[in-house]
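Novice: These protein sequences, in sequence, are chains A, B, C and D.
Residue numbering for the first sequence follows the working numbering, starting at 1 and increasing by one per position.
Residue numbering for the second sequence follows the working numbering, starting at 1 and increasing by one per position.
Residue numbering for the third sequence follows the working numbering, starting at 1 and increasing by one per position.
Residue numbering for the fourth sequence follows the working numbering, starting at 1 and increasing by one per position.
It is worth saying that the hints were derived from the structure and are not from the lab.
Some clues are possibly wrong.
Claimed, not checked - As a list, the in silico EDC-like pairs of lysine to aspartate or glutamate whose alpha-carbon atoms are at most 16 Å apart: (1) Lys315(C) - Glu96(D); (2) Lys209(C) - Asp99(B); (3) Lys143(B) - Glu65(B); (4) Lys84(B) - Asp37(B); (5) Lys287(C) - Glu317(C); (6) Lys28(D) - Asp136(C); (7) Lys28(D) - Glu100(D); (8) Lys180(C) - Glu10(D); (9) Lys236(C) - Glu65(B); (10) Lys110(D) - Asp55(D); (11) Lys146(B) - Asp132(B); (12) Lys69(D) - Glu10(D); (13) Lys143(B) - Glu317(C); (14) Lys194(C) - Asp49(A).
To be verified - Computed Cβ-Cβ distance ranges for the label pairs, DEER-style: (15) Ile393(C) - Leu269(A): 30 to 38 Å; (16) Leu15(D) - Ile190(C): 22 to 30 Å; (17) Phe6(A) - Gln30(D): 51 to 59 Å; (18) Asp58(A) - Pro13(C): 31 to 39 Å; (19) Tyr24(D) - Gly177(A): 31 to 39 Å; (20) Gly392(C) - Phe6(A): 43 to 51 Å.
As the list claims (entries may be wrong) - Chain B regions said to be covered by chain C (calculated; three or more residues, Cβ under 8 Å): (21) 65-71; (22) 119-129.
Heads up, the beta-carbon is just placed ideally off N, CA and C, and yes, glycines get one too.
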Amino acid sequence: MALALFHLLIFPGFLFLFVFALAMEFVDRKLYARLQNRVGPPWFQPFADFIKLSAKEDIVPEKADAIMFRLMPVFALAAVVTAFFYIPMWGPQALFSFSGDLIVVIYLLTIPTLTFFLAGWHSTSLFSMIGATRTLTQLFAYEVPLFMAILAPALLANTWSLSAMTVFYDQHPAYAGLNVIGFIVALIALQGKLERVPFDIPEAETEIVGGTFTEYSGRLLALFRLAIDIEAVVGASLIAAVFLPFGFGLGAAGGFVIYVVKVLIIIALLALLRTVLARLRIEQMVIFCWKVVAPAALLQLLINLILSGVLRS
Amino acid sequence: MINANKAKKELAEKFGFDTERISVPRERRVSLEVPYDQFRQVLAHVVNGMEFRHLCTITGLDEGESLAFIYHVAHADGTVLSLKTRVPKTAPVLQTITDIFPDGTSYERELVDLLGARVEGLPAGHRYPLPDNWPAGQYPLRKDWKAEMLDGVYPKNEVKSNG
Amino acid sequence: MANVKIPIGPQHPALKEPESFTITLNGETIISMDVRLGYNHRGIEKACEERNYIQAMYLVERVCGICSHSHSTCFIQAVEEIAGLAVPPRAQYIRTIIAELERIHSHLLWLGVAGHEIGFDTLLMYAWRDREAVMDTLAALTGNRVNYGINTIGGVRRDISPEQLAGLLKTMDVLEERTKYYIEVASQEITLIKRLSGVGYLAHEDAVKLGAVGPTARASAVDRDIRRDDPYIAYKDLDFKVITDTHNDVYGRTLVRVGELMQCYNMIRQLVAKIPDGPVTVKAPRKIPAGEAFSRYEAPRGEDVHYVKANGTDKAERVKIRAPTLANLQSVAKMMENNRLADVPIIIAAIDPCFSCTDRMVRIHDAGHGRQETLSWQALHTYSLDWHRKQGIDFKALNAKLSRRMKL
Amino acid sequence: MIHPGKMAREVLTSLFRKPATVLYPYVKVQMPDRFRGKIKFTSPLCIGCKLCMRDCPTNCITITKVGDKQFQAEFDLDRCIYCAQCVDTCPKKALEATAEYELAQLQHDKLKVIFHAEPTPASSPAAPAEHAPQSQPAIGA
């Protein structure tokens, strides 16, 4: 019981995730700045931001649904933290696992997006409602390719459990090389999920002010931002576990280092992506996702389907 | 191509203006003053007949007894014709030129707000450039207007202190 | 969603200055737009009537921060024309150099802003980093980064040394290299092209009819440039091309601006090569004889127009300023038609709006004896304390608590 | 030609370049020679013609006669636009632009700068040449 509580709250649970996510936000911001030939923030900036926001007053709009408005950040945070426990990180075995946890993780990662939508909708401000509808439109565009991209390696491994999948690829590392298309698709979809350039359409500052989060302030905004940071880490961990299943045999400490490096690589790739591209329009984003990303994911699915057929026979 | 002297000649011939009244202060500048009842006719000819197709701006002047308006129209070759006309201050009524120059709207609104001209046929829209709560009958560009005239009447809705 | 009215401004992240656009949307598509101008009026035209020409010159220079040289030169040209002053050629060349440097800085600034409006912050950071080279040059030549204060009635206030001219050429080489790179980016980066092309369409006929000026008009194939059509300062000695484009959209406006940048570098090289020796200023009278003049100037944003009427005293009878943005704003509503909400910022930005230029007139505060109540720091402090006391905060208890804590 | 991520190479090389940011206020910026900063007044040179007062666009200069051929200048820095027209106008070079640019103040009265006339050799040499009134608001007072 005490151990489970330790796992949940301290390591690798909430506290570790909190520190790790904010550290990754720093890496992202620093890298973004350096890529733009700027200096960037000091290491403690995300923490300072979090503390500052937490100390500020929460303002709930008069016409907003106060309960929904306050609950949504907590929901988002709870969903992403829960998802984290099912992802193998420094060993092939996750903290918790059961057959079918892959589906659960993907669904848990969808919940934050839904909370963004509900939060924006219940703010009842024009800008946040437009942001909310955009969030939902975008969700339909990237979610399916993400599903397909992650299901493809699962097909090859012939399991619906993330831990079992990692064990499979750990034993057959060569197969992981076949999932390159899926890896790229998943990266693009994750960028959409995190609502960052070129897919930061729901919160496009120059168009709709703050989008979904226009009305949020203080602690609630801090929680939302923390949820997004954690979502980035969880998403990166998921991609690392599915597409980069290497280096598990190095023991706890070595495995941990390898895990951090993998997450760093993915965060860096995402930062690079947002540095070199301009924001798309919502309809351009949908067209891009359905005409380019989804067919690519489908191709990966097809390759893996045929391969697994060949393997099993 | 049209140059200032050619324009001067054409205007003098077409409308029988005294050439003394058409001045050419320098290369590519012509200025001419016409009575208001002739103004529309001259402007129409200048734009359609002589191809001065770009409206630079409209300058409004307070000349004491009357308000004067200078319509600066430019030719593609860089010649600018300044067409000046006057209306009495007691009845400063103008016809809009937005039928000829759709972009003249904001220049005419300036005349309305700042000099108190009445422009007939001006398309509906927001006032420009003064704020909506600007006191009526105050025209800042008139020579008799002083900033003190706003005391007590503007701004109407001052920020109330929270205390 | 049914028709929704979205306020863009007076305060909005896409607008760097207050101005109000109300946009009616059906879903994401724009149905109509309503503009309310005038938030930035400062009473400059009226205030010019109360100042002598020297004072008015500095006031006019502050009509706009970005194209300050445009306004001051345009104004001074008119004054000099009335006074019949023959400005020395060297002064004219120096004015032209500053004018072209200003155009470079303004266009690079625009490129960055355009990048920011479409969520391409990297372009913003790089364009503005490179723009620093021009800003530093301007600071070295004139003394300040903005509001250069180089003009004076009858000439310029500071001469340019031969070393500075040599340095200018070096800066031009660096900037030309960078601009070539941006042209490459603009013609190859797919997300940029997707966001710019087809957006904010302004047909040639509409551009003519609505009186668009500057790069906005030239991107709709309106071949109009005051520098060539109505040459002022030293432009008649220069060989340059007026850049036009037939895209009629924001992409075209981008190409026109970067194209003009390349012309600017060439012009500055010519100016440096041709600059004559001699004095930089002639003595100007304090009282300008009665008369009137109409002056045009191709500012970075388009045709800037000043009308000055003098009455024989040391103060102007009337100063009329028409900034390029006011002429261009007429066409913005046309450009908005059938575009998406996402395009609003870039369409507005594409005319390179400068609202402080556009609006000049609202509340006249006599600079000498401001009647506005200004709270001193002390008064503000007292006011804040009173306010908090009324909210029931007991400072005595707080101070006591604080000193207790300090002792512990 | 279409090239997604065209700036990728440029941004990656930036990783190994020095940032373009100037770390102000830790690193001070060197002002150019012609920079127009805070105006300095040299009292002994002033002849009291008050031409600077007439030309100042914002009326921020006040020259007052304090004694026989002695003048003091008062500058309202909150009004000054640092155009340095007064420097150009002054026939005796009593005014000059310095490179001082960090002039922001929280207290309004600190923006009033008075250049006192130099004391005559007979009187006490203690009077400072430049003087700004000071007052510090007490917290919670």
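Novice: Compare the structure with each hint and give your call.
Specialist: Quick rundown of the hints versus the structure:
no.: 1; hint: Lys315(C) - Glu96(D); in the structure: violated (27 Å)
no.: 2; hint: Lys209(C) - Asp99(B); in the structure: holds (11 Å)
no.: 3; hint: Lys143(B) - Glu65(B); in the structure: holds (11 Å)
no.: 4; hint: Lys84(B) - Asp37(B); in the structure: holds (12 Å)
no.: 5; hint: Lys287(C) - Glu317(C); in the structure: holds (12 Å)
no.: 6; hint: Lys28(D) - Asp136(C); in the structure: holds (15 Å)
no.: 7; hint: Lys28(D) - Glu100(D); in the structure: holds (11 Å)
no.: 8; hint: Lys180(C) - Glu10(D); in the structure: holds (14 Å)
no.: 9; hint: Lys236(C) - Glu65(B); in the structure: violated (42 Å)
no.: 10; hint: Lys110(D) - Asp55(D); in the structure: violated (24 Å)
no.: 11; hint: Lys146(B) - Asp132(B); in the structure: violated (19 Å)
no.: 12; hint: Lys69(D) - Glu10(D); in the structure: violated (64 Å)
no.: 13; hint: Lys143(B) - Glu317(C); in the structure: holds (9 Å)
no.: 14; hint: Lys194(C) - Asp49(A); in the structure: violated (35 Å)
no.: 15; hint: Ile393(C) - Leu269(A): 30 to 38 Å; in the structure: violated (51 Å)
no.: 16; hint: Leu15(D) - Ile190(C): 22 to 30 Å; in the structure: holds (23 Å)
no.: 17; hint: Phe6(A) - Gln30(D): 51 to 59 Å; in the structure: holds (57 Å)
no.: 18; hint: Asp58(A) - Pro13(C): 31 to 39 Å; in the structure: violated (22 Å)
no.: 19; hint: Tyr24(D) - Gly177(A): 31 to 39 Å; in the structure: violated (49 Å)
no.: 20; hint: Gly392(C) - Phe6(A): 43 to 51 Å; in the structure: holds (45 Å)
no.: 21; hint: 65-71; in the structure: violated (count 1)
no.: 22; hint: 119-129; in the structure: holds (count 4)
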